[in-house]
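Colleague: Residue numbers (the numbering used here), protein chains in the order written: chain E, 2 to 227; chain B, 178 to 990.
Among the clues, some could well be false.
Claimed, not checked - Computed cross-link-like contacts, DSS-like style, restricted to lysine-lysine with a CA-CA straight-line distance of at most 27 Å:
#: 1; chain 1: B; residue 1: K984; chain 2: E; residue 2: K122
#: 2; chain 1: E; residue 1: K73; chain 2: B; residue 2: K977
#: 3; chain 1: E; residue 1: K24; chain 2: B; residue 2: K194
#: 4; chain 1: B; residue 1: K984; chain 2: E; residue 2: K163
#: 5; chain 1: E; residue 1: K73; chain 2: B; residue 2: K620
#: 6; chain 1: B; residue 1: K984; chain 2: E; residue 2: K73
By construction, these hints were calculated from the structure, which means they are not laboratory data.
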Amino acid sequence: MSTQLLEINGLERHYEMVSGTVKALDGVDLKINAGDRILLLGPSGSGKTTLLNCIAALDSPTSGTYTFEGEKVPQNNTEGMTTFRRENIGYIFQFFNLLQDLTVLENILLIQELSGGRDEKRARELLLLVGLEDEIERFPTEISGGQQQRVAIARSLAKSPKLLLGDELTGNLDSTTSAMVMEVLVEACKTENITTVMVSHDESLSKYANRVIRLDSGRIVADNNL
Amino acid sequence: MYLLLTKRLTRSLWRTKIRLVAVLLIIMVGVFAGIAFGHYAHTATTMYDEIYADSEDGVNLPDIWVENPRAVWSGNQSDSFCEQISTQWPESELVLNECESRLILDGMLSIEEDGMTKLIPAIWHGIDEGYVDRVWMPVDDCCSGRLASADDEIVLDAHVTEGMEMKIGDTISIGAGHGMMDFTIVGTGYHSNHLFFAVPGSLVPAGAGTFTTGYLSSSGLERLANFSSGSSNHLLIDLVGTPDYDLLSTDEVEGAELVELIVGIRTTMEGVSSTAIVYDRSGISSVEFLRADAEGAMKSYPVITGMIVIVAGITIFLSLQRLIQSQAKEIAVLRTLGIPRSAIMPGYILAPLGIGMVGTIFGVILGLTLGAPGMQAVYENLIGIPVINGSVPYSSIAQIILITMLIVMFSGIRPAWQAANLDPLDVFRGQNEVRLTSRTIQKLTARLPTTIGLTIRSSTRKPIRLAFTFFAVGLSMLILGSMLFMMESMEQMMVQGFEDNQNWNSQAFILPDAEDGVIDWAESNGVDFELYILYPANPEGDSRQLMTIGLDEFATSGEDAMLTLSLAEGGYPTAGESTTQVLIDNGIAHFLGWGVGEVQSISFGSQNVEIKIVGITDGEISRTVYFHRSDLAEIVGFEATSVLLNIPEGVSSEGLGEVSVGIVEKQDILDAFTDLMEKQQGFFIAIQFLGIIIAFVVLFNTLIMNLSERDSELATLRVLGAPISRLSRMMLGEHFAIGLIGGVLGTIFSIIGTKWLMSKMVQWSFYFEIHADLGISLGLTAIVLVISLLLTPIGTYRIKRMNLVEKVKEFSN
Numbered sequence: 002m003s004t005q006l007l008e009i010n011g012l013e014r015h016y017e018m019v020s021g022t023v024k025a026l027d028g029v030d031l032k033i034n035a036g037d038r039i040l041l042l043g044p045s046g047s048g049k050t051t052l053l054n055c056i057a058a059l060d061s062p063t064s065g066t067y068t069f070e071g072e073k074v075p076q077n078n079t080e081g082m083t084t085f086r087r088e089n090i091g092y093i094f095q096f097f098n099l100l101q102d103l104t105v106l107e108n109i110l111l112i113q114e115l116s117g118g119r120d121e122k123r124a125r126e127l128l129l130l131v132g133l134e135d136e137i138e139r140f141p142t143e144i145s146g147g148q149q150q151r152v153a154i155a156r157s158l159a160k161s162p163k164l165l166l167g168d169e170l171t172g173n174l175d176s177t178t179s180a181m182v183m184e185v186l187v188e189a190c191k192t193e194n195i196t197t198v199m200v201s202h203d204e205s206l207s208k209y210a211n212r213v214i215r216l217d218s219g220r221i222v223a224d225n226n227l
Numbered sequence: 178m179y180l181l182l183t184k185r186l187t188r189s190l191w192r193t194k195i196r197l198v199a200v201l202l203i204i205m206v207g208v209f210a211g212i213a214f215g216h217y218a219h220t221a222t223t224m225y226d227e228i229y230a231d232s233e234d235g236v237n238l239p240d241i242w243v244e245n246p247r248a249v250w251s252g253n254q255s256d257s258f259c260e261q262i263s264t265q266w267p268e269s270e271l272v273l274n275e276c277e278s279r280l281i282l283d284g285m286l287s288i289e290e291d292g293m294t295k296l297i298p299a300i301w302h303g304i305d306e307g308y309v310d311r312v313w314m315p316v317d318d319c320c321s322g323r324l325a326s327a328d329d330e331i332v333l334d335a336h337v338t339e340g341m342e343m344k345i346g347d348t349i350s351i352g353a354g355h356g357m358m359d360f361t362i363v364g365t366g367y368h369s370n371h372l373f374f375a376v377p378g379s380l381v382p383a384g385a386g387t388f389t390t391g392y393l394s395s396s397g398l399e400r401l402a403n404f405s406s407g408s409s410n411h412l413l414i415d416l417v418g419t420p421d422y423d424l425l426s427t428d429e430v431e432g433a434e435l436v437e438l439i440v441g442i443r444t445t446m447e448g449v450s451s452t453a454i455v456y457d458r459s460g461i462s463s464v465e466f467l468r469a470d471a472e473g474a475m476k477s478y479p480v481i482t483g484m485i486v487i488v489a490g491i492t493i494f495l496s497l498q499r500l501i502q503s504q505a506k507e508i509a510v511l512r513t514l515g516i517p518r519s520a521i522m523p524g525y526i527l528a529p530l531g532i533g534m535v536g537t538i539f540g541v542i543l544g545l546t547l548g549a550p551g552m553q554a555v556y557e558n559l560i561g562i563p564v565i566n567g568s569v570p571y572s573s574i575a576q577i578i579l580i581t582m583l584i585v586m587f588s589g590i591r592p593a594w595q596a597a598n599l600d601p602l603d604v605f606r607g608q609n610e611v612r613l614t615s616r617t618i619q620k621l622t623a624r625l626p627t628t629i630g631l632t633i634r635s636s637t638r639k640p641i642r643l644a645f646t647f648f649a650v651g652l653s654m655l656i657l658g659s660m661l662f663m664m665e666s667m668e669q670m671m672v673q674g675f676e677d678n679q680n681w682n683s684q685a686f687i688l689p690d691a692e693d694g695v696i697d698w699a700e701s702n703g704v705d706f707e708l709y710i711l712y713p714a715n716p717e718g719d720s721r722q723l724m725t726i727g728l729d730e731f732a733t734s735g736e737d738a739m740l741t742l743s744l745a746e747g748g749y750p751t752a753g754e755s756t757t758q759v760l761i762d763n764g765i766a767h768f769l770g771w772g773v774g775e776v777q778s779i780s781f782g783s784q785n786v787e788i789k790i791v792g793i794t795d796g797e798i799s800r801t802v803y804f805h806r807s808d809l810a811e812i813v814g815f816e817a818t819s820v821l822l823n824i825p826e827g828v829s830s831e832g833l834g835e836v837s838v839g840i841v842e843k844q845d846i847l848d849a850f851t852d853l854m855e856k857q858q859g860f861f862i863a864i865q866f867l868g869i870i871i872a873f874v875v876l877f878n879t880l881i882m883n884l885s886e887r888d889s890e891l892a893t894l895r896v897l898g899a900p901i902s903r904l905s906r907m908m909l910g911e912h913f914a915i916g917l918i919g920g921v922l923g924t925i926f927s928i929i930g931t932k933w934l935m936s937k938m939v940q941w942s943f944y945f946e947i948h949a950d951l952g953i954s955l956g957l958t959a960i961v962l963v964i965s966l967l968l969t970p971i972g973t974y975r976i977k978r979m980n981l982v983e984k985v986k987e988f989s990n
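Next up, chain E with everything else stripped away, as it sits in the complex:
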């Protein structure tokens, strides 16, 4: 039986707007086990990115509880939340967000250094894992979008997170490249034994997940194991 990684109960995230209160998340209950590969699907404004931000401890919920490995996740505490992310979370952005001034290898080393331990051997292994062992001295502007996203995957794995989050990580790639990136991601997460939660509009990515959660109007409307 899989170990439970995190548990969310009655999670709400409200935003006060001029037009009134917007309930981006409206009572979400969710349990994620270690090894899950979850795809969060839903229309625009359904609350999937907000949920991802709350899971990443980028955002603090208005109410509800969130525990990670049985421990309460810090809320409304910038540095506590940052530490939580550093120790537990990997994050992949839609537009890769690599540092243009650093080489492929250096982008990974930087995260290691900022997290307290430079390990060049592991950085090279990760680049081998995502198939970029020949590009390590190149700069982000010198490689393709797909390659950049693979570097971002390697970077997110660099500090061995327990949970890897991705927001529309193939949204900026063509379908062939998307498939390649997703395969690399799944393979890498399997190898590294990392749980993943991906947000997307793209139903076709379901094949890379073992669990698909659908959101609408800030609520989970379907949660299916595949």
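Following the hints, put chain B in place on chain E, whose structure we already have.
Modeller: Below, chain B without anything else, positioned relative to chain E:
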């Protein structure tokens, strides 16, 4: 459409309020400084012109002086000389208006201080209500009373009455080498020769109770000195109008006609009084000081204003570039929707003009209410005379506004052109944002820890911005550094040099050939002494005056000589050589190009003397030639003009006054300089503060821009879990690097700039070299470094405030 686009730009600018305020602040400071310094310059110029003018309110400064420094002419001789000058008037367009003889003597004022009699050196003028060189008694609180008419009446200089709290009706005891007499003060006023109130030869205003001048009737001074009626030692020649005269500050001969006339009068005088020297107003140190001050202020205020406004221009330029970069997508959308370039451009030109206008309005208001009155007070404090009719000319304000607005406008043209020419496709592809450090920097930093490598690469990512920033920091450091370097160099020369190089503590002035009394006094009191000659001369064929000094002992250190020299080149002169050996100061070497080993000629009145230069000294502000006293005595015909004394503690100077015509205490000279420094302290601190504020604003602008440009980088790192402490350390490293490089470059710029500025400011009567003091250099570097480091917490605060959810949203857009 234009209005909407400009409104949109204004709103965007308003979002960068702090940077906007910083830019406004620099423009305001530039205009403020321009008005303040401009007011000083115009005040100095107006005062110079009006006081010396040939008018009802002016003193009618003579155009030519004929002086006999060695003796006094009788009344008949004076009249005859004026007659001969008139009859032998050279062929010239310049017309003689008046020739007046005048007696001017060194003397002393006796006062009681702490139960002791103190003798203060003095210069007494015998002035009847003549036509030329009158006593200046403006309608002001400073001056009152009337001219001296009876031979026991005196008009005391207003500097003296104010400093020593004397008033009309007081009786004072004065002397001029022939005992002391009582005179009643009947008026207070100023004299052209002493408007800048300093002991002759000194550039430091005399402290209260250290120097006196007074204006007696001719008969009063003759009675005091026991001279016959009509005696004089000066002929004051006034021409119709005010002819051009040769300025000491330029290489050109501006007053060729006057120079020819002086040569003619010199020839006339050679036949009747070989010791007479002839000179124009540049030979009167107070007049020359006020002229040089006005000229220097007129030259420097546009430079200072320009420098500050250029810094403002750079700041605007960089800010607009950053604004355009952040608005690139909006501009690209507008361009894609068909908005023409011509519609994009005006807003970016109008924006800096708007900013410039607001800054200028505040600058003008502050300049007129605080700057101009402040600088007027500085002038009154420094020169010690009241400013009459002081007002800031509208033309000057208009000029400053025009210069400011032009620079501000030019600073917006390039960014405006860049905005209008952005390629929408490049923008949408993100190509316009790609800014990488050079390959060389990347290679150089490849082996460093990534955090350090990134710090260095980020710092150098925008080399043009960095270069402009360093240039602007350099300019602000020039404002601060020039003041510090000049003050340090002057203090070194005038206080430290004076304190270290002078082994005497009192100087007793004597009439020619009257040294025996002082020598007897010194010997009977066990006081070390050395005879000293100070005598004016000119380079042959050159109207510029220099001072010759006769010394018995030459030394660069120790206590054998009363006056030690700083020898920059060559060796000491030998006495009694067939060609007289001398040392010249480095100012003479600079202006005349004279060097060691050369034989040159200098004129003592009509007597030309060949000299061999054996060494060059430094540390003299005035042009000086050092002789062996025995050699100089042979030339001038007397043994000493003063005696340098080293009076031991406990020995009273009683009796010294009776055998001399004035005593100067070394401590009084040092106190005068300290007093001058204290008077000017507020002004200097204000200028230094200005430099620091500008450097702060420039660095603040650039470093905040650097940070805001890297928002996405920093946000990415934060999302990925980078702790603020690590990011702060990276930022600290970057600020340290920028601060250190900026500080070093700024200091180098400041040293070179100050030396250049000084090379433009020095002139014959005022020469000194800037020494790049290590302490000040390190201090300047440290100031920039500290400013840069102080901005780290602002960056840290900015990162802390960063809304990561919003940033992640931005990433997805």
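Colleague: Tell me, which hint numbers fail for this structure?
Modeller: 1, 3 and 5
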